[in-house]
Amino acid sequence: MKILILSGISFAIIAIGADFSKARAKDFVDLDDLLEMDELFDGDGTEVEEGSAAIADPLKVLNQTIFEFNDAAYKNIFQPFTRQYVRFIPKEGRKGIGNFFNNLEYPARLTGSLLQFRFGRASRETGNFFINTTAGMAGFMNAAQEFEALQPPKEDIGQAFGAWGFKHGFYFVLPFLGPTSLRDFVGRIGGNYVEPISEPSTQVDSSTDRLILTAVETVNDLPDIIDIYNSITRSALDPYTAVRDSYAQLRALQVAE
Amino acid sequence: MNSFSLRSLFAILLLTVALLPNLRSNDLVNTKDALESTLNRLLDILHANHSTAPFSVKKDRIIGILDQQFSFDVIIQRSLGRNWSKLNDSQKNQVYTLITDLILQSYTQELQDGPRPELIFYKPKVITSSKIEIESIVLLAESKINISYRLANIKDRGWQVYDILVEGISMVSNYRKQFDEHFLKKSASDLIDLLKAKLQGA
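Residue numbers (the working numbering), protein chains in the order written: chain A, 1 to 257; chain B, 1001 to 1202.
Hints are not guaranteed to be accurate.
Unchecked claim - One-sided and incomplete, this derived list gives chain B residues near chain A with beta-carbon spacing under 7 Å:
#, residue
1, D1044
2, A1048
3, A1152
4, N1153
5, I1154
6, I1169
7, N1174
8, K1177
9, Q1178
What the hints assert, rightly or not - Just so you have them, the derived chain A footprint on chain B, three or more residues with Cβ under 8 Å:
#, segment
10, 1073–1080
11, 1102–1110
12, 1191–1200
Said to hold, decoys possible - Here are the computed lysine-lysine pairs in the DSS-like style, where the Cα-Cα straight-line distance is at most 25 Å:
#, chain 1, residue 1, chain 2, residue 2
13, A, K154, B, K1125
14, B, K1058, B, K1125
15, B, K1092, A, K60
16, B, K1155, B, K1125
17, B, K1186, B, K1196
18, B, K1086, B, K1185
19, B, K1155, B, K1131
20, B, K1198, A, K75
21, B, K1144, B, K1155
22, A, K60, A, K75
23, B, K1059, A, K75
24, B, K1186, A, K60
25, A, K60, A, K167
26, B, K1123, A, K154
27, A, K75, B, K1086
28, B, K1144, A, K95
29, B, K1185, B, K1058
30, B, K1059, B, K1092
31, B, K1198, B, K1185
32, B, K1198, B, K1058
33, B, K1185, A, K60
34, A, K91, B, K1144
35, B, K1092, B, K1196
36, B, K1155, B, K1092
37, B, K1059, A, K154
38, B, K1144, B, K1125
39, A, K75, A, K91
40, B, K1185, B, K1196
Hints were generated in silico from the structure; no laboratory data involved.
Heads up, the beta-carbon is just placed ideally off N, CA and C, and yes, glycines get one too.
I would like the entire structure built from these sequences, with the hints used as guidance.
In structure tokens:
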């Protein structure tokens, strides 16, 4: 009898184990499933590459002209200026300024989350904003970084449009500001409506003060923007296409997140 | 069969069931550790005393290290996609060497500037039964970069990197778009000239 019970239990465990392995099979690689070299080059090489993202570019000629203008401006004006800025403003100071403006962008991130009905992310954003505004001294210190639960992926209104199923429309390059798309540009305008510095919902009365704040934010962001730009274009054969595809891939990833 | 041997059988069966996924998991952890070790050895070269030496001097050592886990032929052929067939054998060899140099030169420059960066690697994620992705963070002096490596389990080669994603942007996909644009209006020999010019200017 004892033997029968033990045998029954053993078979039950084998059955459960097999089922368990089957259930989890998709979580594991199959070490016996070795790829032949040919399998890495499906068909005639026209397969969609993993991570590929499409964006229409009907204004290509105009965009390329603005891209070349921006490229010259980055290399001849912004990059030398940025070097001096980094030299004179210490890393901690730049980080504090960046934190302050990032904290002020909370309404746009909150709106992006709410428009996607991501209430969990919205509440995490709110917690992040509350802690940084209070313990982080008006946002200059990123006090919330100590709490992993208060670090949601950054949302914006363009991403929300993407999550609703809107495609880019078409790609275009803004003078000085760089790449965007019709969808993301509309999202950016929407963001201006909820952010406290930009028009039309500004909380800063003086237009001079608004201009100064916008200039400080832009200048402070420049070193990172230049680094990213250089990183993409350094190894590019066709910098215009490399930046356009990087933008499309990045936005696709952000929408999918 | 007495109850002792049944208990042993029971224990063996239980262990087998429990360990099967772990054996697979351990293989992936070993792959991650090997990649981490490879990239730390690369940093050793880039940040050694002679780090000011030009790329051409360090190139062979760098390729020697990366070749064990990076299949540059796969990366380049996938990047070119259908355009690969537009190249003759001689052009294929030239393009392979030139693009490898360009990728390595750009990639190592990022890692070489400033103090030696710190590398943090995360647990591999399964893409398919024969492909995985290993995420990492490169902590530089002033910033951090998310770099992910996609690896395929290739026959006679083992786990090999076939794509690199910087901040989520696939290098293979990005190059594919550039090559597609190039071959719309230009030829393979134009590509070789362009690569040579780019390498000289880099």
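Comparing the hints with the structure gives:
1. The beta carbon of B:D1044 comes no nearer than 23 Å to any beta carbon in chain A, farther than 7 Å, and the hint placing it at the interface is violated.
2. A least Cβ separation of about 23 Å between B:A1048 and chain A goes past the 7 Å threshold, and the interface hint is therefore violated.
3. The restraint placing B:A1152 at the interface with chain A holds, with a minimum CB-CB distance near 5 Å, inside the 7 Å limit.
4. With a least beta-carbon distance of about 6 Å to chain A, the hint placing B:N1153 at the interface is held under the 7 Å criterion.
5. Interface restraint check: B:I1154 against chain A, minimum CB-CB distance 5 Å, threshold 7 Å, status holds.
6. Checking B:I1169 against chain A: minimum C-beta separation of about 5 Å stays under 7 Å; hint holds.
7. Of the supplied interface hints, the one on B:N1174 holds, with its beta-carbon coming within about 5 Å of a beta-carbon of chain A, less than 7 Å.
8. Here the hint on B:K1177 is kept, as its CB sits about 4 Å from the closest CB of chain A, short of 7 Å.
9. A cut of 7 Å between beta carbons decides the hint on B:Q1178: the least distance to chain A is about 4 Å, and the hint holds.
10. By the rule of at least three residues with a Cβ nearer than 8 Å to a Cβ of chain A, the coverage given for the segment 1073–1080 of chain B holds, with 4 such residues.
11. Counting residues of the segment 1102–1110 of chain B whose beta-carbon sits less than 8 Å from any beta-carbon of chain A gives 7, enough to reach three: the coverage restraint holds.
12. For the segment 1191–1200 of chain B, the assignment as covered by chain A holds, since 4 residues bring a beta-carbon within under 8 Å of that chain's beta-carbons and 3 suffice.
13. For the given pair, A:K154 sits about 22 Å from B:K1125 by alpha-carbon distance, which is consistent with the 25 Å threshold.
14. Between B:K1058 and B:K1125 the CA atoms are separated by roughly 32 Å; this puts the pair beyond 25 Å, and the hint is violated.
15. Of the pairs offered as hints, the one joining B:K1092 and A:K60 is violated, with about 30 Å between alpha carbons and a cut-off of 25 Å exceeded.
16. At roughly 20 Å between alpha-carbon atoms, B:K1155 and B:K1125 fall within 25 Å of each other, so this suggested pair holds.
17. Straight-line distance between C-alpha atoms of B:K1186 and B:K1196 comes to about 15 Å, which keeps the hinted pair within the 25 Å bound.
18. The suggested pairing of B:K1086 with B:K1185 holds, with an alpha-carbon distance near 13 Å, which does not exceed 25 Å.
19. Of the supplied pair hints, the one linking B:K1155 and B:K1131 holds, its CA atoms being roughly 12 Å apart against a limit of 25 Å.
20. Distance check on the hinted pair: B:K1198 and A:K75 sit about 17 Å apart at the alpha-carbon level, within 25 Å; holds.
21. Our distance criterion of 25 Å between C-alpha atoms is broken by B:K1144 and B:K1155, whose separation comes to about 35 Å.
22. At roughly 22 Å between alpha-carbon atoms, A:K60 and A:K75 fall within 25 Å of each other, so this suggested pair holds.
23. Of the supplied pair hints, the one linking B:K1059 and A:K75 is violated, its CA atoms being roughly 28 Å apart against a limit of 25 Å.
24. At most 25 Å may separate the alpha-carbon atoms for a hinted pair to count; B:K1186 and A:K60 meet this at roughly 18 Å.
25. Pair hint A:K60 plus A:K167 holds up; C-alpha atoms about 18 Å apart against a cutoff of 25 Å.
26. For the suggested pair B:K1123 and A:K154, the alpha carbons sit about 23 Å apart, so the restraint of at most 25 Å is met.
27. Between A:K75 and B:K1086 the CA atoms are separated by roughly 35 Å; this puts the pair beyond 25 Å, and the hint is violated.
28. For a cut-off of 25 Å, the pair hint linking B:K1144 to A:K95 stands: about 13 Å separates their Cα positions.
29. Only pairs whose Cα atoms come within 25 Å are accepted, and B:K1185 paired with B:K1058 is rejected, the gap being roughly 36 Å.
30. With a C-alpha separation of about 20 Å, the suggested pair B:K1059 and B:K1092 falls inside the 25 Å cut-off, and the hint holds.
31. Distance restraint check for B:K1198 and B:K1185: the Cα-Cα separation of roughly 19 Å lies within the 25 Å cut-off, and the hinted pair is therefore satisfied.
32. Restraint check for B:K1198 and B:K1058: the C-alpha separation of about 19 Å stays at or below 25 Å, so the hint holds.
33. Of the supplied pair hints, the one linking B:K1185 and A:K60 holds, its CA atoms being roughly 15 Å apart against a limit of 25 Å.
34. At most 25 Å may separate the alpha-carbon atoms for a hinted pair to count; A:K91 and B:K1144 meet this at roughly 14 Å.
35. Between the alpha carbons of B:K1092 and B:K1196 the distance comes to roughly 14 Å, so the proposed pair stays at or under 25 Å and holds.
36. With a CA separation close to 23 Å, the supplied pair B:K1155 and B:K1092 stays within the 25 Å bound.
37. Taking the CA atoms of B:K1059 and A:K154, the gap is about 39 Å. The hint is violated against a cut of 25 Å.
38. For the proposed pair B:K1144 and B:K1125, the alpha carbon gap of about 21 Å is at most 25 Å, so the pair holds.
39. With a C-alpha separation of about 22 Å, the suggested pairing of A:K75 with A:K91 holds against the 25 Å cut-off.
40. For a cut-off of 25 Å, the pair hint linking B:K1185 to B:K1196 stands: about 19 Å separates their Cα positions.
Comparing the model with each earlier hint shows violations of hints 1, 2, 14, 15, 21, 23, 27, 29 and 37; every other hint is respected.
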